[in-house]
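Undergrad: Following the hints, position chain B against chain A.
Residue numbers (this note's numbering), protein chains in the order written: chain A, 1 to 650; chain B, 651 to 762.
It is worth saying that the hints were derived from the structure and are not from the lab. Ideal placement from N, C-alpha and C gives every residue a C-beta, glycine not left out. A portion of the hints provided could be inaccurate.
Sample of chain B residues with no beta-carbon within 12 Å of chain A, all distances over it, derived [unchecked claim]:
{"#": "1", "residue": "K652"}
{"#": "2", "residue": "H654"}
{"#": "3", "residue": "V658"}
{"#": "4", "residue": "D668"}
{"#": "5", "residue": "G669"}
{"#": "6", "residue": "A689"}
{"#": "7", "residue": "S711"}
{"#": "8", "residue": "T718"}
{"#": "9", "residue": "Q721"}
{"#": "10", "residue": "Q734"}
{"#": "11", "residue": "S742"}
{"#": "12", "residue": "D745"}
{"#": "13", "residue": "T753"}
{"#": "14", "residue": "D760"}
Output of the computed footprint for chain B on chain A, the stretches with three or more beta carbons under 8 Å from beta carbons of chain B [stated by the list, open to error]:
{"#": "15", "region": "242–251"}
{"#": "16", "region": "299–306"}
Okay, here's what each chain looks like letter by letter:
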Amino acid sequence: MRLFLLRLIVVLTAILGVNYIAWRWLFSLNWDAWWIAIPLIIAETYSLIDVLLFGMTMWQARTRLAPPPPAASATADVLITTYDEPIDLVMTTAMAAKAIRFPHKTWILDDGARAEMREAAESAGIGYITRGDEWDGLPRHAKAGNVNNALSMTDGEFILILDADQIPRPEILDNTLGYFTDDKVALVQTPQVFSNVATGDPLGSQAPLFYGPIQQGKDGWNAAFFCGSNAVLRREALMMLGVLGYVDELDRSVTSSLRLASRVVRKARSHPSAAEPAVRAALDEVAAAITDARGQLARKEPFAEVTYALHQRVDRAAESIVAVDLAAMEEDLKEIYALAAPVPGATNLEYQIDLQNTVSALATKELSPFNALEAVQAVLRSIAIDRPDEAQPVMPLATISVTEDMATSMRLHGLGWKSVYHHELLADGLAPEDVGSMLTQRLRWAQGTMQVLLRENPLVQWGMTLPQRLMYFATMWTYLSGYAALVYFAAPIVFLVLGILPVDTNAFDFFVRFVPFILVNQLLFLVAGRGVPTWRGQQYSLALFPVWIKACTTAFQNVVLGTPLGFAVTPKTRQETTGRPWHLIRPQLVVMVLLLLAILIGLVRIFVNGAEPLGTGVNIFWAVFDLIILSVLFRAVSYRGYSARKGRHK
Amino acid sequence: MKFHSENVGDTIAIVRGDGRLNMVSAPALRQVITGLVDAGRSKIVVDLSGIDFMDSSGLGSLIGCLKTTRQAGGDLRIAAPTKQVVMVLQLSNLDRVLKTYDTAEDAFHDET
Chain A
1 MRLFLLRLIV
11 VLTAILGVNY
21 IAWRWLFSLN
31 WDAWWIAIPL
41 IIAETYSLID
51 VLLFGMTMWQ
61 ARTRLAPPPP
71 AASATADVLI
81 TTYDEPIDLV
91 MTTAMAAKAI
101 RFPHKTWILD
111 DGARAEMREA
121 AESAGIGYIT
131 RGDEWDGLPR
141 HAKAGNVNNA
151 LSMTDGEFIL
161 ILDADQIPRP
171 EILDNTLGYF
181 TDDKVALVQT
191 PQVFSNVATG
201 DPLGSQAPLF
211 YGPIQQGKDG
221 WNAAFFCGSN
231 AVLRREALMM
241 LGVLGYVDEL
251 DRSVTSSLRL
261 ASRVVRKARS
271 HPSAAEPAVR
281 AALDEVAAAI
291 TDARGQLARK
301 EPFAEVTYAL
311 HQRVDRAAES
321 IVAVDLAAME
331 EDLKEIYALA
341 APVPGATNLE
351 YQIDLQNTVS
361 ALATKELSPF
371 NALEAVQAVL
381 RSIAIDRPDE
391 AQPVMPLATI
401 SVTEDMATSM
411 RLHGLGWKSV
421 YHHELLADGL
431 APEDVGSMLT
441 QRLRWAQGTM
451 QVLLRENPLV
461 QWGMTLPQRL
471 MYFATMWTYL
481 SGYAALVYFA
491 APIVFLVLGI
501 LPVDTNAFDF
511 FVRFVPFILV
521 NQLLFLVAGR
531 GVPTWRGQQY
541 SLALFPVWIK
551 ACTTAFQNVV
561 LGTPLGFAVT
571 PKTRQETTGR
581 PWHLIRPQLV
591 VMVLLLLAIL
601 IGLVRIFVNG
611 AEPLGTGVNI
621 FWAVFDLIIL
631 SVLFRAVSYR
641 GYSARKGRHK
Chain B
651 MKFHSENVGD
661 TIAIVRGDGR
671 LNMVSAPALR
681 QVITGLVDAG
691 RSKIVVDLSG
701 IDFMDSSGLG
711 SLIGCLKTTR
721 QAGGDLRIAA
731 PTKQVVMVLQ
741 LSNLDRVLKT
751 YDTAEDAFHD
761 ET
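This is chain A alone, in the form it adopts within the complex (with noise of 0.2 Å):
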């Protein structure tokens, strides 16, 4: 029943928001005032998509029956996630994750290898695994990272990930193992709700539209997505994950690393001191040997067996060159080793642009011969099947994003796998008790989101179902608020100040079409949401606009352009600050002021010059409305941490 009525009120919204907005695209723009008429209809037709995919995602919200008892057969790794996270907090979660009832084997992933960590992980008898050598200078993967070397090191069937701020309940192996006895399974996620917060939630730390009904609403179409702790996931399927990723990567590396290569030598033949008949010897054997390894891969024979015979050969010609002009020799092979060892921090697909930009410069500049052939070795070194560029060949979790969870539902979902969100409450989390952590934490969400967006868009995904790929793609989409906020605070800012309405209509079209649905669009909202509190995801979605905003372009200029992410941890302890952080929500401070100028020029309009009230009415409305929006930043910016016993008054 309750169903029924939230698809009759899903179909309403579309029909009223549908109405809507072809009337504001077809007869009601202002096109004098296009500059602002058009970002707002733009933005109005955002807002409608966001709603709709919202609207779909409701359309078979799924309420799980208690899952069957787990196999007794079943093995079980809880892997706690940490960096810089103080010692005391760790060891909170680890005990809490010790005791666990059902048989498992409890690890602390330590990225930032502290020796008093160790410590106190081996006296409470728990693992402890941090990065081996292996990984010294190369790409690091932050958490991603962290959690696949771990995989490398344990053998569990299940693993239980855990943020080290979320202190595990004893059943929460119990409660969800049982969903893996169906064998399709990979995924159970379970909400993640924080104990810290106080009454009002002045930060907006929980997410509960997110984790309840829009968790539920996606899992309804198998679509409910991995979000980094407190979910069990299938290691066959990582490792699955791992091992096509590995082949698909090698498959794309080693056929633009021979094409480079080829390039290489080409240019080398042109050097003079390549008339030698025993240089040009060598120069014909490495392009004949790349020549025949690249016919070999167009007929699918194996990459190993390919490249294996390709190296041999190329090493063999190059001992057989003497070296001409040995001074520049050196200076070369300098410059391409110092090219081609990767930059501290920088991600795997950064290191592989930067290593490809280099090559493709060495190409075009004069090389020796000798020194062509180091060129091509180094290629054929950087790229080749052992993934010396990784540390891990396999890498079960997806790197592409620092938000890996998403990337890497998104490809199990891909591959046929299924989710499941568990929606009981079996992890206690810690939440970011300051501003400037909050909105680091927002800003990396968004990032991370908005790279998986560019890097793997899941509308093309072909192995998800169609809304599959809808779901990904809802959540990315809302992501792009930023621009649509901007609009909507700019909009009655330009006509209480210009006098310019970018809806060219008489008020009773307007509201006639506009007032039915904005009311459907709230009570879907309300019946949704089941009376959780939404207000406060509602104002932040729209006050968090900057940060929306950089996501969006830092993402585009990572993915695009290779411009490093400046990737940060979230702090899980209260920053230290002396006075409020104004400074944080500048943008949000001079849009408020804005706003209130305006507000009082439209009030000197209505009552001393005697403007039309109504329009200006509506839009004095719609800025004071903007205000309480963006007033939720106050409260932030005041907010002096939890304290347990306000806490106790809720």
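TA: Just chain B now, with coordinates in the frame of chain A:
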């Protein structure tokens, strides 16, 4: 599961095991091969004739060992896979990477 190795010539070793190459036994295979490479044998043949089941962790360990041997200037080759293993190699596309030899003795035929 236990893996045992047999030396051939100066640089080659054949590694054999019976049973399941899965998430439980994969670390053991890696250990054996790392040990051989450290001892100077970097051309490794994994004889799969006794392996009746392999999962993705098993495949992952083969790739890991391929990296280890290549870095030491050698190579890793696989021989005589059973039906189930051939299927897993195909499903994972790993047959695009590793050639399978009919017998362990064939694998480094070109080198001896």
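Undergrad: Now look at each hint and say whether the structure bears it out.
TA: Hint-by-hint comparison with the structure:
Look at K652 (chain B): its CB is around 16 Å from the nearest CB on chain A, clear of 12 Å, so calling it non-interface holds up. With a minimum CB-CB distance of about 21 Å to chain A, H654 (chain B) clears the 12 Å threshold, and the non-interface call stands. The beta carbon of V658 (chain B) is kept farther than 12 Å from every beta carbon of chain A, the shortest such distance being approximately 18 Å. At the 12 Å boundary, the C-beta of D668 (chain B) stays outside the reach of chain A, the nearest C-beta of that chain being 19 Å off.
Distance check for G669 (chain B) against chain A: the nearest CB is about 15 Å away, which clears 12 Å, and the non-interface claim stands. With a least CB separation of 19 Å from chain A, A689 (chain B) remains clear of the 12 Å interface cut-off, as annotated. Non-interface call for S711 (chain B) relative to chain A: violated, since the shortest CB-CB distance, roughly 9 Å, does not exceed 12 Å. For T718 (chain B), the condition that its CB be more than 12 Å from all CB atoms of chain A is violated, with the nearest at approximately 8 Å.
Not every beta carbon of chain A lies more than 12 Å from that of Q721 (chain B), the smallest distance being close to 6 Å; the non-interface claim is violated. Distance check for Q734 (chain B) against chain A: the nearest CB is about 14 Å away, which clears 12 Å, and the non-interface claim stands. Its closest Cβ contact with chain A, about 5 Å, brings S742 (chain B) to no more than 12 Å, contrary to its assignment away from the interface. With a least beta-carbon separation of about 7 Å from chain A, D745 (chain B) fails to lie farther than 12 Å from that chain, contradicting its non-interface assignment.
Every beta carbon of chain A lies more than 12 Å from that of T753 (chain B), the smallest distance being close to 16 Å; the non-interface claim holds. Consistency note on D760 (chain B): stated as away from chain A, yet its beta-carbon is not over 12 Å from all of that chain's, at 9 Å minimum. As drawn, the region 242–251 of chain A meets chain B at 8 residues by the rule of a beta-carbon pair under 8 Å; at three or more, the given contact holds. Coverage of the region 299–306 of chain A by chain B holds. Counting CB-CB distances below 8 Å, 6 residues qualify, and the rule asks for three or more.
Violated hints for the displayed structure, listed by number in ascending order: 7, 8, 9, 11, 12, 14.
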